[in-house]
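Chain by chain, the residues:
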Amino acid sequence: MKGITRFAEYSISGGLLWLNVVVFATLLSIPPESSLGLIGSILDVWGDWVTVLESHLRQSSNFDAFKNTINTLAASLFVLLVFCTGLALDLLSPLFCSQLEILFFRNNIKVKEEKWFSTLVKKHEKYLHDDYNSFVSEPLIKISDPGVWRAQKKRFNRINSFIMAYLFVNSDNVYLTQLTDKIRIWYTCRAITTSLLALCVLLNFLSVSNSFAVANATNTFIYTLLIPSILVIISFSITIGTFCRVSNSMLALAYHIDKNQSS
Amino acid sequence: MQTRRYCLHLLLILCLVFSPTVFANDTQKEDDDNNAVVYLQAGGLCMGGAILGSVVPVLGTIAGCAVGAVAGWFWPGGSSDKPEPREVVLDQ
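Sequences listed follow chains U and X, in order. The numbering used here puts the first residue of the first sequence at 1, with every later residue one more than the last. The numbering used here puts the first residue of the second sequence at 1001, with every later residue one more than the last.
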């Protein structure tokens, strides 16, 4: 069951990326002066390579016999491609999303001055050592020293994994199922964010390399700056929104468990 | 304090990204559409580079932004070699 859920999640993020790429590649390739209409223009864009592929395949004498096999093979390869894209997006997502997450988590702890959390951390110093204090007190980024950021990222990962392990070990099954669902949604949203950012970069390069898109300044502005900017804003909002929900529910659950254990 | 500094860096990067657009509008008024496209290309690729470079905060973003802007500036584009739209007759 878990395997099917994971397959669905990867398919959503991978499929979203490929769908967006196909839509925007079609939009960018339609000539501005086209008189064929929308359907005609789309057929004009994608019809060429289908015709070329079919003519190559028809050279084989057994093309009709293998037609169904080729169709099935192409469909399964496409499903595999979508799944692998989703998996790659899921693996790449911490690279692009962790900055905002770390910033949010650190500010959340610092502004609210969570004393119970520092007490909880002190109780488990054997695992965390001085990670929490260094994470809160030291700056996140130093322009002169890029190593500071890497060290802070490691500390955040250790603190995050500690909280997760603490919750998984101590919480009831009912809360655990809800928390697991929230974490899965968080991971999927991260992958979707990465797919939007990847689309943004692809759109920049596609529109610059496409001669129809750079035919005039308005088209170039829309495809290279306006749509990518909107995509970046949407992806940042998704990242902060989902992490805010997960982080708050994790901290709330940890607080209640700690309170129950203390009393 | 750290957040404010981070926001300031972000603002500077956004200024870098969108400043070519302002110049582009000026040049467009002077009927120099090709220059506008070049500026916009540089701005677009600057943004793409900044996104890719954001893996390493601030330094990576600035470096990616600069590389993207330079690539966009020298990218062969504009109105010099626009292909003619094709005419395809569909079989009824």
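Some hints could be false.
What the hints assert, rightly or not - Covered, in the sense of this in silico footprint (three residues per stretch, anywhere, with C-beta under 8 Å from a C-beta of chain X), are these stretches of chain U: (1) 94-105; (2) 193-206; (3) 220-228.
Claimed, not checked - Among the chain X residues that face chain U by a calculated CB cut under 8 Å, a handful are: (4) Gln1041; (5) Met1047; (6) Ser1054; (7) Val1058; (8) Ala1063; (9) Val1067; (10) Val1070; (11) Gly1072; (12) Trp1075.
Stated by the list, open to error - Quick list of the computed label-pair ranges, beta carbon to beta carbon: (13) X:Ala1063 - U:Val52: 54 to 60 Å; (14) U:Asn216 - X:Phe1074: 18 to 24 Å; (15) X:Phe1074 - U:Ser229: 32 to 38 Å; (16) U:Ile230 - X:Asn1034: 25 to 31 Å; (17) X:Ala1063 - U:Asp181: 34 to 40 Å; (18) X:Phe1074 - U:His129: 28 to 34 Å; (19) U:Asn170 - X:Ala1063: 52 to 58 Å; (20) U:His129 - X:Ala1063: 29 to 35 Å; (21) X:Asn1034 - U:His129: 48 to 54 Å; (22) U:Asp145 - X:Asn1034: 41 to 47 Å; (23) U:Ser237 - X:Ala1063: 21 to 27 Å; (24) X:Phe1074 - U:Val111: 25 to 31 Å.
Note that these hints are calculated values from the structure, not bench results. Beta carbons are placed, not taken as given, at the ideal position from N, Cα and C, and that holds for glycine.
Practice item. Check each numbered hint from earlier against the structure, then list the numbers of those it violates in ascending order. Key: 8, 9, 10, 13, 15, 18, 19, 21 and 24
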